[in-house]
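Protein sequences, first through last, are from chains A and B.
Quick note, the first sequence lines up with residues 1 to 456 if you use the numbering used here.
Quick note, the second sequence lines up with residues 1 to 286 if you use the numbering used here.
Calculated directly from the structure, the hints in this document are not laboratory data.
Worth double-checking, as some hints may not be accurate.
[Claimed, not checked] Only pairs whose alpha carbons sit at most 20 Å apart, straight line, appear in this in silico EDC-like list of lysine to aspartate or glutamate:
id	chain 1	residue 1	chain 2	residue 2
1	B	Lys279	A	Asp78
2	A	Lys349	B	Asp150
3	B	Lys190	A	Asp78
4	B	Lys257	A	Asp27
[As the list claims (entries may be wrong)] For each label pair, taking beta carbons as the anchor points, the in silico distance ranges come out as:
id	chain 1	residue 1	chain 2	residue 2	range
5	A	Thr237	B	Pro198	52 to 58 Å
6	A	Leu258	B	Glu247	51 to 57 Å
7	B	Arg68	A	Trp294	50 to 56 Å
8	A	Val194	B	Phe52	38 to 44 Å
[To be verified] Which chain B residues stay away from chain A? Per the calculated CB distances, all over 12 Å, these:
id	residue
9	Gln112
10	Val140
11	Gln211
12	Gly284
By construction, the Cβ of each residue, glycine as well, lies at the ideal position given by its N, Cα and C atoms.
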Amino acid sequence: MKNLFRFICCGNVDDGKSTLIGRLLLDTGNVKKDQLADALKASKRNGSDKIELAMLLDGLLAEREQQITIDVAHRYFDYSDIRFHILDCPGHVQYTKNMAIAAAAADSGIVVIDAVKGIHDQTRQHINICSLFQLKNICVCLTKSDLLEGAQDKIAALEKEVRVLLDTYHFNYKIIPVSAVTGYNVEKVLETLVDFAHASAEDRGAQTSVIMHMQSSKLYHGSRYYYGKVMAHEPITGDHLAVYPSGCYVTISNTENLPYGCFQIHENIDISQGDCIANCPIIVSNIIKHKTIWFDKISDDMLLKHGTRVVRVKHFTDSVIELDNDIFFNNIEDIKQNGFGIFIDNVTKKTIGCCVFTENKNHQKTEVSGITYWINTSDKEKENEQLNLLRGKFSITPIIFDLSLMEKTVQKNTRDILAVLLAAIEVINSQGQNVIVIGTQGIIPQGNHIKVLTVL
Amino acid sequence: MTTHLDVLENESIELIRDVCYTNDCSKIVIFYSIGKDSSVLLHLFKKAFYPFPIPVRFMHIDTGWKFREMYEFRDRIAKEVDLIVYKNPACLNPFTDGPRYTDVMKTEALKQAVDLYDVKIAFGGSRRDEEKSRAKERMVSVRNEYHKWDPRNQNPEIPPLYNTFYTDKTSLRVFPLSNWTELDIWEYIKREQIEVVPLYFAKERRVQKTQTGMYIATENETGELLKVRFRTLGCYPLTGAIVSEAETLDEIIAELKKTEYTERITRVIDYDTESSMEKKKTDGYF
Ligand SMILES: Nc1nc2c(ncn2[C@@H]2O[C@H](COP(=O)(O)OP(=O)(O)OP(=O)(O)O)[C@@H](O)[C@H]2O)c(=O)[nH]1
Ligand SMILES: [Mg+2]
């Protein structure tokens with residue numbers, strides 16, 4: 001029973017990223033004898049009599065010849081109760097695109113800074129990209145500290161500089177002086193990664209959004225099976241989900257013994273390829289605010305792929321894109337997995353950019369008019385916990401809802417509350433009223449669009 | 001709780017469906033090598049489309065020099081799935097034709113089969129932990145019109161937004177097991193009770209020592225009887241056996257946790273020069 005945790009190792013060219021990861025692998029006993037022999041052979045050919053640890057990662061011929069990382073190396077190892085998937089990035093400006101794609105896939109990051117040379121423009125660029133892709137936890141390694149033996153003040157000064165820089169972001173970070181050559185503090189880095197892994201597993205556990213983009217639906221012996229790509233959680237039997245773009249609701253009737261991302265529903269409704277189902281608000285739009293990282297030249301004829309939709313780009317500016325069809329997304333700051341797309345050149349079919357959706361408003365707004373209150377627990381702490389979850393989900397002021405609105409038994413678990421919430425919205429919508437729900441007595445928001453109807 | 005095996009399985013299934021649902025399935029094949037990774041790949045394909053049958057064909061590039069047990073296993077699988085077997089009519093011999101054997105019977109054969117059956121997308125069971133240049137390859141990897149891989153200029157890839165498009169001039173290789181390790185494969189085989197070729201389990205077998213000190217299988221009576229198993233399977237003259245006591249899945253898993261070498265050392269083809277795998281791949285080898 002291991003948790004999978006993905007982290008990148010990034011930072012400026014030659015600052016010592018691959019060497020540090022090589023040291024990490026070596027010290028945790030994750031380098032096999034034949035790999036070590038191979039790296040030693042390559043080091044010798046490059047004129048070194050000792051092993052260059054970076055050769056454990058830099059596996060391409062060109063990388064070994066130029067002693068530089070060109071593309072991401074993927075490595076895997078088990079430590080504590082965690083399966084680590086490391087993505088060792090290139091630092092060279094020319095290969096920033098390869099760093100960016102790794103950052104998009106990672107949970108957290110190590111930023112390596114050469115303690116002698118200090119912060120470089122490229123270090124800042126990588127930190128920006130980490131922030132763009134919402135990496136929460138950053139471990140800054142001030143490496144090659146062996147070269148600064150005795151110059152503690154220099155390290156302290158750099159540490160201060162790093163703090164000033166990182167405090168302008170929202171990271172949870174830790175700064176550790178290390179040496180990949182002597183192994184100094186490598187254990188600390190490992191401990192930090194373990195902490196990060198646990199934190200990100202907790203985050204994932206607290207997440208309750210169900211979002212799926214549909215891949216296909218097919219009839220088999222009279223029953224219909226739906227297949228999709230799971231962006232956040234997979235639905236479970238009984239989940240009540242909104243369908244985009246149709247706007248109707250469906251209830252999951254079966255997921256047992258079906259493969260990942262496959263389900264059946266009670267209703268006789270067509271959910272086609274490219275549609276989306278969710279238990280949380282989704283932005284539906286063809287005009288989208290974004291930030292894009294380009295990997296290649298921008299093209300006149302471009303496609304955007306997001307979820308299971310591929311749509312043509314009609315108009316592009318640095319801040320807004322216009323598509324020829326709607327997509328179903330979230331802002332990256334709200335739900336990372338559903339918050340970006342890729343640009344594909346329609347002629348060469350190459351991936352030429354990654355487009356991050358940010359600061360978009362949900363225009364399908366449901367104005368709040370009726371508010372009721374219900375939380376089925378006597379435990380204050382649990383109640384707050386559930387409310388925080390709900391609030392995180394809807395990124396709106398607290399909403400409250402009333403059990404009497406629907407004939408449904410509701411259990412204490414949050415997923416059911418969400419189901420009820422959606423059901424409530426549907427019920428009240430069908431009665432011609434607009435509603436959004438959540439809250440406890442103590443935190444009922446004031447405002448003219450909010451009215452407290454019932455407090456149980 | 002979701003374990004790393006669940007995550008890996010889910011990611012693989014999603015990639016498989018993504019590629020197959022967005023492309024013409026008649027242009028897709030699954031390269032089936034009869035080995036453990038192929039067995040897992042087959043299992044994942046069955047799962048991905050359940051309860052429907054697998055919508056794409058399997059393809060085995062035969063050399064005529066596989067183990068007898070592999071052929072038996074393959075012929076049983078062929079009753080379950082749509083399997084194409086292709087063999088280069090050149091029919092070279094690994095004992096007498098040297099390095100040319102692999103080039104012609106594997107790399108060339110593969111290109112011929114891809115052209116013959118008009119394949120634009122080929123799935124394979126390779127993993128990044130197998131070899132240092134594979135560790136750098138995309139899950140959806142582009143090949144040019146000569147089937148060549150350009151490691152220095154790969155298409156940027158951001159899972160799970162795979163770019164599953166190809167052009168007249170390109171084709172794709174897709175590796176759903178990229179992020180799996182050898183240990184994951186065995187733990188998954190155990191968890192899912194997947195059938196594999198019996199050669200993976202230790203048994204007394206007749207072997208002979210090669211010049212490089214490797215044990216290869218032989219049917220010759222003069223061969224030594226040793227308790228061995230195979231960590232990888234390929235052409236028997238090019239596949240090294242390891243001395244082992246691991247007769248069960250649990251024993252294989254325990255053995256792997258302690259092993260000091262990667263599975264690569266049992267393959268003659270990769271072990272001759274420092275970056276022979278990368279060179280073979282840039283030439284069009286799978
Ligand atoms: N003295 C000392 N040298 C180091 C240390 N870490 C790395 N180096 C040296 O720094 C040089 C660059 O190391 P790499 O690990 O290749 O750097 P990198 O950041 O991976 O470089 P790119 O991936 O090409 O951006 C090598 O010559 C290493 O030997 C360290 O802790 N101490
Ligand atoms: Mg490097």
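Structure-based check of each hint:
| no. | hint | result |
| --- | --- | --- |
| 1 | Lys279(B) with Asp78(A) | 30 Å, violated |
| 2 | Lys349(A) with Asp150(B) | 16 Å, holds |
| 3 | Lys190(B) with Asp78(A) | 19 Å, holds |
| 4 | Lys257(B) with Asp27(A) | 16 Å, holds |
| 5 | Thr237(A) with Pro198(B): 52 to 58 Å | 40 Å, violated |
| 6 | Leu258(A) with Glu247(B): 51 to 57 Å | 35 Å, violated |
| 7 | Arg68(B) with Trp294(A): 50 to 56 Å | 54 Å, holds |
| 8 | Val194(A) with Phe52(B): 38 to 44 Å | 42 Å, holds |
| 9 | Gln112 | 25 Å, holds |
| 10 | Val140 | 10 Å, violated |
| 11 | Gln211 | 18 Å, holds |
| 12 | Gly284 | 16 Å, holds |
The structure is inconsistent with the numbered hints 1, 5, 6, 10, although it conforms to all the rest.
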